[in-house]
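Peer 1: Sequence:
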Amino acid sequence: MDHSIVPVQLVVKSMRDNGYKNTAYAIAELIDNSIQHGSSTVDLICLEHDELINMRTVSRIKEIAILDNGSGMDAETLQKALQFGNGTNLTKEAQVSIGKFGMGLPSSSISQAVRVDVWTWQHGYQWALHSYIDVDEISNGTLTMVPDPAQSPIPNKYIQIAENLGDSGTLVVWSKLDRCLWRTGKTIIEHSEYLVGRMYRKFINSGKVIINATVVREANLLNPEFTTSFLANDPLYLMENTSVSKYLATQSLPDPMFFKYGGDDDFEVKYPVKYRGETHIVYVRYSVAFEAARKGRNPGGLPHGKHAGGNVGVSILRAGRELDLDTSWIIGYDPVERWWGVEVEFPPALDEVFGVTNNKQYANNFRELGALNLTQELRDRNQTIFEFKEELLAEDDPKAFLIDIAKDIKNQLSNIRKTLDAQQKRLEKEPSATRHDDQTDLGAEIHASEVTESRKEDGHVTPNDKEESSTTDEEKENALATILADDENVEDPLQLAKEILIEKSIKYQFIESNFESNAFFTVLPVAGKIIIKLNTSHPAYNQFVEILNDTIDPEATSTNLRQRLTEAKTGLKLLLMAWARYEDEQPVGRLKDAVKSARQDWGKMASAFMSIEE
Numbered sequence: 001m002d003h004s005i006v007p008v009q010l011v012v013k014s015m016r017d018n019g020y021k022n023t024a025y026a027i028a029e030l031i032d033n034s035i036q037h038g039s040s041t042v043d044l045i046c047l048e049h050d051e052l053i054n055m056r057t058v059s060r061i062k063e064i065a066i067l068d069n070g071s072g073m074d075a076e077t078l079q080k081a082l083q084f085g086n087g088t089n090l091t092k093e094a095q096v097s098i099g100k101f102g103m104g105l106p107s108s109s110i111s112q113a114v115r116v117d118v119w120t121w122q123h124g125y126q127w128a129l130h131s132y133i134d135v136d137e138i139s140n141g142t143l144t145m146v147p148d149p150a151q152s153p154i155p156n157k158y159i160q161i162a163e164n165l166g167d168s169g170t171l172v173v174w175s176k177l178d179r180c181l182w183r184t185g186k187t188i189i190e191h192s193e194y195l196v197g198r199m200y201r202k203f204i205n206s207g208k209v210i211i212n213a214t215v216v217r218e219a220n221l222l223n224p225e226f227t228t229s230f231l232a233n234d235p236l237y238l239m240e241n242t243s244v245s246k247y248l249a250t251q252s253l254p255d256p257m258f259f260k261y262g263g264d265d266d267f268e269v270k271y272p273v274k275y276r277g278e279t280h281i282v283y284v285r286y287s288v289a290f291e292a293a294r295k296g297r298n299p300g301g302l303p304h305g306k307h308a309g310g311n312v313g314v315s316i317l318r319a320g321r322e323l324d325l326d327t328s329w330i331i332g333y334d335p336v337e338r339w340w341g342v343e344v345e346f347p348p349a350l351d352e353v354f355g356v357t358n359n360k361q362y363a364n365n366f367r368e369l370g371a372l373n374l375t376q377e378l379r380d381r382n383q384t385i386f387e388f389k390e391e392l393l394a395e396d397d398p399k400a401f402l403i404d405i406a407k408d409i410k411n412q413l414s415n416i417r418k419t420l421d422a423q424q425k426r427l428e429k430e431p432s433a434t435r436h437d438d439q440t441d442l443g444a445e446i447h448a449s450e451v452t453e454s455r456k457e458d459g460h461v462t463p464n465d466k467e468e469s470s471t472t473d474e475e476k477e478n479a480l481a482t483i484l485a486d487d488e489n490v491e492d493p494l495q496l497a498k499e500i501l502i503e504k505s506i507k508y509q510f511i512e513s514n515f516e517s518n519a520f521f522t523v524l525p526v527a528g529k530i531i532i533k534l535n536t537s538h539p540a541y542n543q544f545v546e547i548l549n550d551t552i553d554p555e556a557t558s559t560n561l562r563q564r565l566t567e568a569k570t571g572l573k574l575l576l577m578a579w580a581r582y583e584d585e586q587p588v589g590r591l592k593d594a595v596k597s598a599r600q601d602w603g604k605m606a607s608a609f610m611s612i613e614e
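Residue numbers 1 to 614, in full-length UniProt numbering, belong to the letters of the sequence shown in order.
Take every hint as true, because none was put in to throw you off.
Here are the simulated DSSO-like cross-link-like pairs (lysine-lysine), alpha carbons at most 30 Å apart as the crow flies:
{"hint": "1", "residue 1": "Lys389", "residue 2": "Lys418"}
{"hint": "2", "residue 1": "Lys274", "residue 2": "Lys389"}
{"hint": "3", "residue 1": "Lys270", "residue 2": "Lys208"}
{"hint": "4", "residue 1": "Lys202", "residue 2": "Lys80"}
{"hint": "5", "residue 1": "Lys569", "residue 2": "Lys425"}
{"hint": "6", "residue 1": "Lys186", "residue 2": "Lys21"}
{"hint": "7", "residue 1": "Lys429", "residue 2": "Lys295"}
{"hint": "8", "residue 1": "Lys425", "residue 2": "Lys246"}
The following label-pair restraints were derived from C-beta to C-beta distances:
{"hint": "9", "residue 1": "Leu575", "residue 2": "Met145", "range": "52 to 62 Å"}
{"hint": "10", "residue 1": "Lys270", "residue 2": "Leu392", "range": "14 to 24 Å"}
{"hint": "11", "residue 1": "Gly589", "residue 2": "Asn382", "range": "48 to 58 Å"}
{"hint": "12", "residue 1": "Ile281", "residue 2": "Trp602", "range": "50 to 60 Å"}
Derived from the structure by calculation, the hints contain no laboratory data.
For every residue, glycine included, the Cβ atom is placed at its ideal position computed from N, Cα and C.
Take these sequences, add in the hints, and give me the full structure.
Peer 2: Pasting the structure below:
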């Protein structure tokens, strides 16, 4: 009988649920290790094999590997690297680079896979040392310690895949992948490039490291299915030749597409932070989009605008590596937020001040200040900012060291938003401009789709999401056309289906329909889209929902009223889409049925409340 205080099975499960947002974040942890060990080249290898699914042979991910040309590890270091909470960066003196907690390799690995194998060498790959951890073996008690590293050949398939293993390096292989969010190598790489390119943009842009990615089928190791080298993804959009550059070129837009806010001299603000007897510097940098990037009817819907839409927030860097893109500083749904950038960079010595988590994904103390309405907080406390800081210091709250930085960022963002507003007014005056701003037309749908993608990356994947990646375009068209054919208002269901599917990044579609139901809208997830049918016979449609289909005429309304109407229209659409996604994410069964019934009951109640006699 096991008399442990905490059963091993529970400990392992807890470690597997360790907070990595998705596979791309876990992969980034391994890249951390590679850079930490002096690698100039890191290769992400996605090995696929063929599976028979629904009488079709499809390629699916089998193993994920990270190969680097770093310094390699000796036996003692390898064994430590596979232990939870051990490593070579645990002391304060060693914490001067991107490593820190000694959790990265095992923690990130078991968050995605049952087994992780590591081969490492310092004098030629022929003399590689090998060890591993396996969740199943830990759970059943057959593996209680990290196996002693022993000389073992690298699997021949990786020797064939790799162009040059080098005199020193490390190969980490995840197998028995049971928690990988994406099923194909290309999808894994596409999601990883955007994230990894942003995390390590400083390293990539400076040429310090090259990160390659390849998809290889097990049956054809010598001929990769797909290869690429990751480009930097700069949320300040001040670097040239980044992952957005190809989109800028097609639009003849400037590259970089943002400028340094405050000019070259005031672009970077330095804050000395005295902590534990030493002074450390925190750097804050600001940028704003060139007007050219914001021209047109809906620039947020163009490729460069969508790219910027995925980089909304304050970028928090630790030792040059991004920890988090902190969205607590932004104004909710406002698409204009994509047109500014803020970067905060600090050294590892200030980890406790910023509240860095052990998976290096958040700076919690800084995030709290972003979400805090400082003006209201001081008013409620009846304190000055100095008094507030003194109180935090008395409570040993490290946020006291960040108050001034947070206050300045909020003030500067207020100024930046005024700059963007002035930009928009100038653009509206241009004779050739279509006088709409980002919030009209598809602005709400674009934002909702971006939020949906973010939720998917955090693990909230629905059967409808899976259908999108597992069916052909023709199958999607037919499935969507079948749903639309039930509506007598749709003259050509197949043509409408094609029109809806042509914009793959937009997940939501509003359609008018006259149907007998208590609900004033229905939710129909199909082919990766969510169709929201508005019931034109419901009193809510005439009272409120009809504004969704109205074009807000800029000539007929004042600027202030136009903005209020636009915000009302956007807000309503976002509320409906939020419900639609909430309903789609419910597990199939009684809970999903209950949510649908609640929508219908609420619609019945709304009908009673909104049936106003003329």
